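Quick note, the sequences are listed as chains A and B, same order.
Numbering-wise, the first sequence is residues 1 to 677 according to the numbering used here.
Numbering-wise, the second sequence is residues 1001 to 1637 according to the numbering used here.
It is worth saying that the hints were derived from the structure and are not from the lab.
A quick note: this is a predicted structure, and the numbers were derived from the prediction, not measured.
Where is the CB? At the ideal position from N, CA and C, for every residue including glycine.
No false leads were slipped in.
Straight-line distance between alpha carbons at most 35 Å, and here's what the computed DSBU-like set of lysine-lysine pairs gives:
{"#": "1", "chain 1": "A", "residue 1": "Lys508", "chain 2": "B", "residue 2": "Lys1535"}
{"#": "2", "chain 1": "B", "residue 1": "Lys1426", "chain 2": "B", "residue 2": "Lys1478"}
{"#": "3", "chain 1": "A", "residue 1": "Lys411", "chain 2": "B", "residue 2": "Lys1136"}
{"#": "4", "chain 1": "B", "residue 1": "Lys1422", "chain 2": "A", "residue 2": "Lys83"}
{"#": "5", "chain 1": "A", "residue 1": "Lys366", "chain 2": "B", "residue 2": "Lys1136"}
{"#": "6", "chain 1": "A", "residue 1": "Lys250", "chain 2": "B", "residue 2": "Lys1478"}
{"#": "7", "chain 1": "B", "residue 1": "Lys1074", "chain 2": "A", "residue 2": "Lys362"}
Derived, one-sided and incomplete: chain B residues facing chain A with beta-carbon distance under 10 Å:
{"#": "8", "residue": "Asp1132"}
{"#": "9", "residue": "Gln1298"}
{"#": "10", "residue": "Thr1301"}
{"#": "11", "residue": "Gly1442"}
{"#": "12", "residue": "Ser1468"}
{"#": "13", "residue": "Met1473"}
{"#": "14", "residue": "Lys1478"}
{"#": "15", "residue": "Leu1482"}
{"#": "16", "residue": "Asp1486"}
{"#": "17", "residue": "Asn1513"}
{"#": "18", "residue": "Val1517"}
{"#": "19", "residue": "Glu1538"}
Now the in silico label distances, taken between C-beta atoms and shown as ranges:
{"#": "20", "chain 1": "A", "residue 1": "Asn617", "chain 2": "B", "residue 2": "Ser1109", "range": "56 to 66 Å"}
{"#": "21", "chain 1": "A", "residue 1": "Ile435", "chain 2": "B", "residue 2": "Ser1383", "range": "52 to 62 Å"}
{"#": "22", "chain 1": "A", "residue 1": "Arg215", "chain 2": "B", "residue 2": "Ser1115", "range": "39 to 49 Å"}
{"#": "23", "chain 1": "A", "residue 1": "Lys629", "chain 2": "B", "residue 2": "Asn1561", "range": "29 to 39 Å"}
{"#": "24", "chain 1": "A", "residue 1": "Asp457", "chain 2": "B", "residue 2": "Lys1102", "range": "43 to 53 Å"}
{"#": "25", "chain 1": "B", "residue 1": "Lys1036", "chain 2": "A", "residue 2": "Ile435", "range": "21 to 31 Å"}
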Amino acid sequence: MKWLLVSFLVAFFGKQCLAQEKPPVQFGKISKKDFELPPSPVIDSNTNGVVIADVGNTEFVGSNDGWFRYVYKRKTRILVLNKKGFDLANIQVFLYINSEKKESLEDVKASSYTLESGKITETSLNKNEVYEDRHDKNHIVKKFTVPGIREGSLIEYSYTVKSDFYFNIPEWEFQYNTAPCLWSDYQVKIPLMMNYVSTRHGYDNYYIHNTNTGRATYHVTNTYDNKSLVQGHDDLSVAVNTIESRWVMKDVPALNISESEKYITTPENYRDKIEFQLSQVYNGDEAKNVMTTWTQATDELLKSEDFGQPISQENPWLDGELKKIVGNETDPLQQARKIYYFVASQYTCNNHSISGIRTSLKEVYKKREGCVGEINLLLIAMLRVQGIQADPVLLGTRDHGYAPLDYPVMKKYNYTICRTRIDGKDYLLDASVPIMGFGKLPLNCYNGFGRTINARDTSIINLNADDIKEQEKTTVLLINDAKEFLSGRFEVTPGYYESRDWRAQINKSSQKEFFKNFHPGEEMSPLVENQEIDSLENLEQPIKVQFDFNYKPWTSEIVYFSPMVLETSEQNPFVAVQRKYPVELSYPYDKLYVLNMEVPAGYTVDELPKSVKVLFNQNQGFFEYIIEKDNNNNIQLRTHVFLHRTRYEPSEYNALREFFGYVTKKQSEQIVFKKKK
Amino acid sequence: MIKNLIIFLFFSVSIMRLYAGNGDYAVSNIPAALLKNANVVKRMEEIKFEIVDIGKAKEYYKYAITILNENGDKAAKFYESYDKLRSIESIDAVLYDGNGKKIKSLKKSDIEDLSGTSQESLIESERIKFHDFYYKVYPYTVEYEVAIKFNYTMFFPIWEPQDKEHLSVEESKMTVICPQDYKLRYKAFNFSKQPLEASQKSALSYTWEIANLPAIESEYASPDWYELVPTVMLGPNEFQVEGYKGTMDTWKDFGKFIYSLKVGRDELPDDIKQKVHQMTDGLSDQKQKVSRLYEFLQQNTRYVSVQLGIGGWQPFDAKYVASKKYGDCKALTNYMYSLLKEAGIKSCYTLIRAGQNASSIVSDFPSQQFNHVILCVPLSKDSIWLECTSQSLPAGYLSGFTANRYALMIDESGGTLVRTPKYGLKENLQERKIVGAINDEGDLSSTVKTKYKAIQQDELESMINYLSKDKIMEQLKKEIDLPTYDVVKFDYKEEKDVSPPVIDETLELTASNYAQVSGRRLFVNPNILNKTYRKLKEDPDRKYGIELTLEYRDIDTVELNIPSGYKAESIPPDIKYETKFGKYTSTTKVTDDKIIYVRQNEKYSGNFPASDYPELAKYYEQLYKADRSKVVLVKKE
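Given the sequences, and given the hints that come with them, work out the whole structure.
Here it is, written out as structure tokens:
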């Protein structure tokens, strides 16, 4: 996990380059030489398109409400090598809007250049070919595709975004999904009125990274609204110090993580990227810290109408409903359970990535739907009205990317859960996900930690995937039977989360359909009897599946018998031969299988596999395969695969794959029985 | 007088029945037979479609569905699309509890407005209104009432009360109202009653009604949905959209309309005209000219879909494609048509319903059932078919995307229904030879040479032409069905000048622990790369016929050197299965130093009765087992 927190609160004279190196491209001027593929270590026979230069720039201008807005300009040149790179010509720009203001896209220019018989032809985008689509209530997306491209064409496009939403200035991605980038260059120029903190993702190094001070003049106006006695506006010209930073990366390889990559939290964790958050505002007299510590963030959140306010005020309108839910129950833990299950079963979550309240708790209560923040904050409100201690816990989910622990980078925390304290014991609750028991959290929450949002208690709650206990245990019993030859009983208790998946499957179809997942093999009779599923309704516990089955009588001289009955033997989960990015499992791997079998009547054991124990990285896991036959003609096999960690670096991938390769191989060994003479 | 009174009463009664919906939605009123196997019960449905005049229509519909459990929640979500030519006049809805008591009504502010642009398109003018009551106390009922206005009459609704599985229907009704002189066309499936016709001085009405349909479940390889449930398709006669007029009662006339949309849009810029002549004037063979121009198309255009207004049906003109170097299927096909026209070759813009698993169109009911356009070039001896959105397919090959189905060829005389080429048992061949060795640890090293022909090479063709080399290697290293293996090298050669095309693949494959070692024994499954996986669930109550559509043949030959010092202890017997669904043979021989395995699997197409299902399931079981037979080698004493 690599992210770097850099605060440039104080001007610092960074690495001064001998001369400010410029991008290797003159935008707008194309010559024949530009069509040649430049040499670069990140270009090879797999490259279908190359970003020659991607240059961005954010500056501030005075706004007409007495403050500043930012202007973001971008210029990009791409060389399309073949048709597999045509996607690079499709551009999208997301703009944020709310009821008061909206970001705007201006000055869109895009052209393709094609070299044919020594002549360069330019085809330009028409203004009406920039399309707009409404993505959701707060986002529109502007889309266009560069016309006239062919294999070997150059594309150049540029645009400007103007915005009032300066809490975050535009992030910059140095790395593209499928194309290498030869020169990625981002500059920001910020007046001393504002200070930003940046977070960095990715593994590659900067080619240029410097910060200088400068000076600039801003023209700010203040238009009073009509209600004021004084009409007209103030006009201010301010000359202030600025902080100018620049980051350049050269020869950045394509990220190349496919969407179907398994065992990964999110590719965004590995992309070379830099993001910003406002940390301080200085209005000429005093400097105010904006969200620089968790204490401050907690304070802001508690005061906010979209978070803390609605749950800390009196909410008597919930009284009626609570009386119905709680009924005669007096034990607070049971009351909490009832309230939790009410919210969990009656409410639909339609957005699992918003941590606050978009409308109001009353609205959410009436509509019975909301985002995760709304649902869990409603739960907290209800618990509080009932007199039970409950507080919000803010966290960033695994698929949202790593969230910094010490500095509150607000964009990174997209999820709110509830911590309730009853009789000195804490329970973490999430009512936004179906089939989740009281006190259980979805796997997506285990991204390191959560922070309690309470004025006197800002404790960190550990949510490490490594700490999840999730063991799948299978027990098989096979005995000689006068009627059936070999009769068996199969019992499996999956871990809690796997149980949840099975519960969902059973809900969707039926128990009968579900049992069809256990295919009796050719050598067994097709009838599966005495099927039972325990604890199906108890959402706080894993389920237990059991059934009886029989083997058809054996007739051959030699029988090769697989002790991992009903195809329970391991498949190697790591099929791909190599891996560039870490393996991130959702929980530690833990599977146990126990077989107790009587040697079938009429047969003896000719060959038994050997017992073995293999350690993974000494104490980080093991594979145990212990098999023995006792004097009473009973065979016992116990095999256990356990890995203690959930995260493995790419350098450990081969070892992991070989480990499972060995497990698969060992578990497919057969016991050889020979017919008695 | 009396006649009018009767008609008036008839219409009044109808109107009253509209509001009968406010009646009792209590779940206790649902007959037991309709609860069986159902997640949703459609309590009532009423559709009123009015053809106002040649260019305008109105639709009103109301339905009430009871959601029995959470599997039915999806049906409770409401979506309706709109664009410039089609507007939603009103949406009303009410939520009822299990006893039929009203809980609340829809609030306008709860209706969401979503983008209707699909994944593949850059932009479409379609947008969607969405609403959900988000109710979770089961059972509950939602009732929606919607009015829509159309500024065209090209698409008529289809009446299909039972449009998904696990949904039963209490009653459903559709009424179509049209002007006196309008000849309404319709075709019914699984519904033998004639519609009730009535007439008022200036209008005719047709009414279809059905009641008490128990829920059904979809089954493996069943026929198209409209062949299973009561369905009525409606077809316009004369229609108009954005000033363009047409008639649809014959394929010929519908074709004339499509032609009228594209007429005059084939003008090429001068430099392209010159290029066409430069490229083709020197060639004598028509086929060569077509190939050359198709190559030009592939090298100079790409697929971008922009569907705005009439642009959803009318192709962008040739000049547009020449300058932008992109277009959707209509524009690219029209462009190819224009190039060929300049070279003096006639071709036909052809409408088709594309997709590997697309349902077939109803060939005897002319209507807009198409979603794609290709080009047909009829030559003296046979025709060349061109997929104009592909930058890599060889000229004349259609692939599983559009092969073996009806298509509507368009030219100035109108539309003609034809069939696209079929690739069958002979063409869809996969022939593979593996030569390798197993060592005494059970490790496999091998060279695999495979020839894929026709439909069998479709997926591979996409992969080779759209993925970069390292992505291809990534795919190969993930997709091969072997535990712990590695692809050391790969090579692909496309043979595009044979018809149908062939891809030759060579892989160097290693797999550790491929053969299981158990003490003195080695267990080897000689069928390294071609195991079937399909196992059918038991279905003693199968209702519908079985439709198997894809035909193919796989031949695998494997020669594996075995480690010295081993002999065969157990060899799988030769297998031969011959059924109406296919033929499967395998032979396994073990010599002093080799295992030689030959497998042939032929799959036939055909329509079979539901009673054949157990036989089909047994056949798949047999193949599953046969593909996993192992040779057991034991160390010589």
